[in-house]
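> What follows is the residue order along each chain.
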Amino acid sequence: MSRATSTSTTSGILLQINGDTTAANYIAQLLGLGADAGDAISVTQNTTSAGLYIGRESGTTGLANVPGLYETILFDYTNRLTGKVALCQGMYSFGSSLASNINVADVWSVWFGTGGVQRLDIAVDGGTGFANGSIFDFYVEH
Amino acid sequence: MLGGFSGWSSPTPTVRTLVRRIVLGSDMPAGSSQTPTFDVPQWGRHLRIYFYNCRTDSASHNLYLTANFNADTTAANYQNAIFFAVTGWSGAQQANTGAAYFGRVSGTADAASIGGTGMVIVSNYTDLGFARTWLSDAVYANSTTQITGLFTYGFWTNTTSPILSMHFGLSGGNFVSGAT
Numbered sequence: 001m002s003r004a005t006s007t008s009t010t011s012g013i014l015l016q017i018n019g020d021t022t023a024a025n026y027i028a029q030l031l032g033l034g035a036d037a038g039d040a041i042s043v044t045q046n047t048t049s050a051g052l053y054i055g056r057e058s059g060t061t062g063l064a065n066v067p068g069l070y071e072t073i074l075f076d077y078t079n080r081l082t083g084k085v086a087l088c089q090g091m092y093s094f095g096s097s098l099a100s101n102i103n104v105a106d107v108w109s110v111w112f113g114t115g116g117v118q119r120l121d122i123a124v125d126g127g128t129g130f131a132n133g134s135i136f137d138f139y140v141e142h
Numbered sequence: 001m002l003g004g005f006s007g008w009s010s011p012t013p014t015v016r017t018l019v020r021r022i023v024l025g026s027d028m029p030a031g032s033s034q035t036p037t038f039d040v041p042q043w044g045r046h047l048r049i050y051f052y053n054c055r056t057d058s059a060s061h062n063l064y065l066t067a068n069f070n071a072d073t074t075a076a077n078y079q080n081a082i083f084f085a086v087t088g089w090s091g092a093q094q095a096n097t098g099a100a101y102f103g104r105v106s107g108t109a110d111a112a113s114i115g116g117t118g119m120v121i122v123s124n125y126t127d128l129g130f131a132r133t134w135l136s137d138a139v140y141a142n143s144t145t146q147i148t149g150l151f152t153y154g155f156w157t158n159t160t161s162p163i164l165s166m167h168f169g170l171s172g173g174n175f176v177s178g179a180t
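In the order they appear, the protein sequences are chains A and B.
Quick note on our numbering: the first sequence kicks off at 1 and runs consecutively.
Quick note on our numbering: the second sequence kicks off at 1 and runs consecutively.
FYI, nobody ran anything at the bench for these hints, they're computed from the structure.
We put the beta carbon where it would ideally sit given N, CA and C, even for glycine.
Among the hints, erroneous ones may be present.
[What the hints assert, rightly or not] Incomplete in silico selection of chain B near chain A, CB under 10 Å: (1) TYR50; (2) VAL139; (3) TYR140; (4) LEU150.
So here's chain A without its partners, still in its complex pose:
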């Protein structure tokens, strides 16, 4: 769960794999529901972020006590033959009004690099940082 320190309403959350910040090596499809998506179903492809897009989070204008919450599965991260695929599901708050607060963004993401994943850097899309109290749990499944 996390928040950004930027004053923007919401920001994307990125996983940069093996230090790769080349946007052309990543692609994501975002499915959004809620006020941030215009109170309708929104589907947007992202090819401009410098990392694997794994979710969205509130900025300082969101409700102070409502962080974004996401679960990401990065598949087959040790193989050295194919690109890597991630499934990401979660929610985040949008704006300061309770009435329009919960938003859902499910994300499907691909990194086209074929090396094994050896390092993950978590970043806020756009270069700002995470707020104190943001938590990232990391699991490995066999």
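Start from chain A and add chain B according to the hints.
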């Protein structure tokens, strides 16, 4: 309370046990005659299935990854709802072609290094008296410049038998080596 976990209030922790992994081309040959089959242990309540690097040698862009329970291929026994999400479009459709739809896999016309990937939960697979239900979250690459996400949901109408086996297949073409 579990030993060593003071304060753990859950009566039973979540347990995930890898029952079996099949890698086509390694554990078994790839090809149309191959239907990767899992014998399903009967001590569980829900099944979680991951698939990845799944491709078909079909020249089509992509095809469904299917599953049959207990070798049942009766069309009327399966109901699927599929929600697609791709840039600028989203929509849903239903299907009942005699199999559960767990996702879609890439074809030879798609990005070479990205296979269909997904996670499926099949609930209530051992209890009797209810239809078996599943949901999945999956994605495949149409090309190096576009991917499509989808959710599938469905039920198998059999209420009198637990799921004893699961047979995977494609809605066309052959599995390519590396499918897992």
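> Checking hints one by one. Is TYR50/B an interface residue toward chain A, by the C-beta closer than 10 Å rule?
Status holds, d = 7 Å.
> Under 10 Å is the threshold here; is the Cβ of VAL139/B close enough to any Cβ of chain A for the hint to stand?
holds (4 Å)
> Double-check TYR140/B for me: the hint is only fine if its C-beta lies closer than 10 Å to a C-beta in chain A.
holds (9 Å)
> Do the numbers back the hint for LEU150/B, that is, is its least Cβ distance to chain A under 10 Å?
Cβ of LEU150/B sits 9 Å from chain A, so the hint holds.
In this structure, every one of the numbered hints holds.
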